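**Student:** Each chain is listed here by its residues.
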Amino acid sequence: MFEYAPAPESRDIVDIRPSYGLFINGEWVEPQGEERHKTVNPATEEVLAEVAWAGEADVDRAVQAAAKAFPAWSGMPGAERAKYLFRIARIIQERARELAVLETLDNGKPIRESRDVDLPLVAAHFFYYAGWADKLAYAGFGENPRPLGVAGQVIPWNFPLLMLAWKIAPALACGNTVVLKPAETTPLTALAFAEICRQADLPPGVVNIVTGAGETGAALVAHPGVDKVAFTGSTEVGRHIARSLAGTRKKLTLELGGKAANIVFEDAPIDQAVEGVVNGIFFNQGHVCCAGSRLLVQESVAADLLEALKRRLGTLRLGDPLDKNTDIGAINSAEQLAKIRELSEAGEAEGAERWSPSCPIPDRGYWFPPTLFTGVAQSHRIAREEIFGPVLSVLTFRTPAEAVEKANNTPYGLSAGVWTEKGSLMLWAASRLRAGVVWSNTFNRFDPASPFGGFKESGYGREGGRHGLEAYLAV
Amino acid sequence: MTTPLAEVASSNSTLRAFLHGLPGVDRVGADARAAMLGTRSIKTTAKKQAVDMAIGMVDLTTLEGADTPGKVRAMCAKAMRPDPGDASVPPVAAVCVYPDLVATAVSALTGSGVKVASVATSFPSGRSSLEVKVTETSLAVAAGASEIDMVIDRGAFLAGDYLKVYEEIVAIKKACGDTHLKVILETGELATYDNVRRASWLAMIAGGDFIKTSTGKVSPAATLPVTLVMLEAVRDFRAATGRQVGVKPAGGIRTTKDAIKYLVLVNETAGPDWLHPDWFRLGASSLLNDLLMQRQKMATGRYAGPDYFTLD
Chain A
1 MFEYAPAPES RDIVDIRPSY GLFINGEWVE PQGEERHKTV NPATEEVLAE VAWAGEADVD
61 RAVQAAAKAF PAWSGMPGAE RAKYLFRIAR IIQERARELA VLETLDNGKP IRESRDVDLP
121 LVAAHFFYYA GWADKLAYAG FGENPRPLGV AGQVIPWNFP LLMLAWKIAP ALACGNTVVL
181 KPAETTPLTA LAFAEICRQA DLPPGVVNIV TGAGETGAAL VAHPGVDKVA FTGSTEVGRH
241 IARSLAGTRK KLTLELGGKA ANIVFEDAPI DQAVEGVVNG IFFNQGHVCC AGSRLLVQES
301 VAADLLEALK RRLGTLRLGD PLDKNTDIGA INSAEQLAKI RELSEAGEAE GAERWSPSCP
361 IPDRGYWFPP TLFTGVAQSH RIAREEIFGP VLSVLTFRTP AEAVEKANNT PYGLSAGVWT
421 EKGSLMLWAA SRLRAGVVWS NTFNRFDPAS PFGGFKESGY GREGGRHGLE AYLAV
Chain B
1 MTTPLAEVAS SNSTLRAFLH GLPGVDRVGA DARAAMLGTR SIKTTAKKQA VDMAIGMVDL
61 TTLEGADTPG KVRAMCAKAM RPDPGDASVP PVAAVCVYPD LVATAVSALT GSGVKVASVA
121 TSFPSGRSSL EVKVTETSLA VAAGASEIDM VIDRGAFLAG DYLKVYEEIV AIKKACGDTH
181 LKVILETGEL ATYDNVRRAS WLAMIAGGDF IKTSTGKVSP AATLPVTLVM LEAVRDFRAA
241 TGRQVGVKPA GGIRTTKDAI KYLVLVNETA GPDWLHPDWF RLGASSLLND LLMQRQKMAT
301 GRYAGPDYFT LD
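Protein sequence lines correspond, in order, to chains A and B.
Following full-length UniProt numbering, the numbering of the first sequence begins with 1 at its first residue and continues without gaps.
Following full-length UniProt numbering, the numbering of the second sequence begins with 1 at its first residue and continues without gaps.
One or more of the hints may lead you astray.
Said to hold, decoys possible - Example chain B residues on the side facing chain A (calculated, C-beta under 8 Å, incomplete): (1) Val25; (2) Asp26; (3) Val28; (4) Arg33; (5) Thr39; (6) Ser41; (7) Lys43; (8) Ser112; (9) Glu232; (10) Leu263; (11) Asn267; (12) Glu268.
Unchecked claim - Derived lysine to any residue pairs resembling SDA-like cross-links, with alpha carbons at most 25 Å apart: (13) Lys43/B <-> Gly314/A; (14) Lys324/A <-> Met53/B; (15) Lys43/B <-> Ile13/A; (16) Lys38/A <-> Trp28/A; (17) Lys406/A <-> Ser440/A; (18) Lys339/A <-> Pro71/A.
Honestly, the hints are just simulated from the structure, not real lab data.
Owing to the predicted nature of the structure, the values given are computational and were not obtained by experimental measurement.
From the three backbone atoms N, C-alpha and C, an ideal C-beta is built for every residue, glycine too.
Next comes chain A alone, as it looks inside the complex (with noise of 0.2 Å):
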């Protein structure tokens, strides 16, 4: 046998302080309130620091600080705007190897993923909308398209610091400035972006972080001072906060779950296919809104295709995130755990098979192994409801059509996979399926310049490439 021995990536090279405050015009405060956070680690139950939890007269401070210094940075040229946000993209990638250690201590996920995907995301996302800024003339929105005040955005513990980047860029190129809410489990990437910004001179209060949870969310979306709220997150979060902002003239984009359908055809290639559906579901986990959660393969291939996917499941390493030779971290919260086992076990119980391949569980800390289920039905809850993590639902179908009459059927629509060898079937398939991504033997591949979003209810508006400026524009 051949044993890779440990080869974990050291931490040394982060400096996490104790505790933290709120970033609010360029400075850290205190928050008002007496209540702090502990966010630990999910791979160890570690507590890593202790952070603020911002109150209302906090989030209030915040958006009042984003709305002093809208005026100048929304008159500023679009080239001088470039230079701060092309700037911050270099320190990003020079602090890469710190920021992506920080990522999987808090996050959990592999520091494969943070360090070769994660980051390098990052960082593109800055660099491709440093580039808009003094182009929006062009952009297709109007000659002097103008930006709309002050964005709160508030965003997951999935993709923390990603999730910022796709939020953050956008806005800053547009001339807006930014209330941010990191979410409550994985604040700590966004507290170290802030050291960013002031390490490129970013000008106080164009971007402000408050961390805090559900509450802090929801007073940043209905001050009367924020102009646009951007979300990403769960459905039933984000229909609260389209009800609350309904009659207001506040912009809204959400971006929420989804309950995505990878489709192998036939003729797929099997190797690549077993790759992309791995890909597809057990990447950071399952925490993924457009993990390819269900996959749909052809009757007539079905018993290889699991057969090769289980075999391809046995080889999956799961352990310390830090690791450089892990692919499946850990869950991100002992709350998120507790969920997938729910969703597991209504599996079982509704008739589905489950399986796992042998893999040791790591003592300490929230972990749950690779799971497929077989037998799966369309009126399982496992095939309907968002399970985010790393639980995947195969069913099968017979004919084309009826491949995407299921991959259809479901209240979502963010992303779908289509697996052929024919292009012309690709293509068929592509055009009828409901869903703003689709992806075509690859899966949970992004660009910035490629633009990101949901149908039904996943959400609405786009993140990412030119569309994703109209989101933080007056159009």
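Given the structure of chain A, go ahead and fit chain B onto it with the hints provided.
**Tutor:** For chain B alone, coordinates are given in the frame of chain A:
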């Protein structure tokens, strides 16, 4: 002799139908998978294990017009005792030479356990008659070669004449008798991964004991994604027929880092059953000294200069 799946070769059309019925290979996906496995971090004890494993899998090769008995004897000495200063270094798996130097290598290696492989079949182009190829193989076997590295007829393969390629491999295998047959696909000339997969199956159905990427005379020679596709083929072939076939990437593997990437690829694609010189070889020459250098560095903590490793 019957080989598994031989019935698919009853005519060129059945053979074609079979080979074209294999699942396709998506180039982007295969490249991405190979690149991902290339990021595995193999350190400390795992690296030690990998370096010794790799040394034991090397087919130490010289295939030059300028090869002489003296050059081959020197290489054989190196093959048996790669590091004269360290008896714990294992010998390599085999030496690989042209047919006319087989006898020299055999006598130099007597009793060492290091095998003698000979290229044959009008290596490297394969552009000759079947009679010549069979005769050349028989002569190499008679001279004592325990392994034959043949080349396939890439022209026939690209022309769609799969049966010709098949029959030639069958004929060479017959000439080999008990001698191990490695079938060189020359993947750099087959160009597409679909072709690599088809040629791999063709060689296995025809009775090849090993499938080998390249002659080393064509660029690109061995690459990680091509080897990945071949490892998938031997894995699937064993699942389908019960017969295990070995894999040999050759050409362009020069550093320990490269060699370890190949071992990771084997481990996570075909599986640990293939991590043995009987089932996996690395066709190389300069690689060996880099493996020795890394081995010594791990033992002493210091790198020795190139003059401390013999150049044979």
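**Student:** Check the hint pairing Lys43/B with Ile13/A against an upper bound of 25 Å on the C-alpha distance.
**Tutor:** Within the cut-off at roughly 20 Å; holds.
**Student:** Should the hint that Glu268/B touches chain A count as held when the rule is a Cβ pair under 8 Å?
**Tutor:** Holds: closest Cβ of chain A sits about 5 Å from Glu268/B, inside 8 Å.
**Student:** Hold the hint about Ser41/B up to the distance rule: shortest CB distance to chain A must be less than 8 Å.
**Tutor:** Result: holds, 4 Å to nearest chain A Cβ.
**Student:** Are the Cα atoms of Lys339/A and Pro71/A separated by 25 Å or less?
**Tutor:** 45 Å, violated
**Student:** Does the alpha-carbon distance linking Lys406/A and Ser440/A stay inside the 25 Å limit?
**Tutor:** 17 Å, holds
**Student:** Compare the distance between the alpha carbons of Lys38/A and Trp28/A with 25 Å, and conclude whether the hinted pair is satisfied.
**Tutor:** Holds, at about 18 Å.
**Student:** Next item in the hint list is Thr39/B. Is there a CB on chain A closer than 8 Å to its CB?
**Tutor:** 6 Å, holds
**Student:** Does the interface hint hold: is Arg33/B within less than 8 Å of chain A, judged Cβ to Cβ?
**Tutor:** 5 Å, holds
**Student:** Holds or violated: is the Cβ of Val25/B closer than 8 Å to a Cβ in chain A?
**Tutor:** At 6 Å from the nearest chain A Cβ, Val25/B passes the 8 Å test, so the hint holds.
**Student:** When the nearest CB of chain A is found for Val28/B, is that gap smaller than 8 Å?
**Tutor:** 7 Å, holds
**Student:** Is the interface hint satisfied for Lys43/B? The criterion is a beta-carbon contact with chain A at less than 8 Å.
**Tutor:** 5 Å, holds
**Student:** Going straight from one Cα to the other, do Lys324/A and Met53/B come out at no more than 25 Å?
**Tutor:** Holds: Lys324/A and Met53/B sit about 22 Å apart, inside 25 Å.
When each numbered hint is compared with the structure, violations occur for hints 8, 18.
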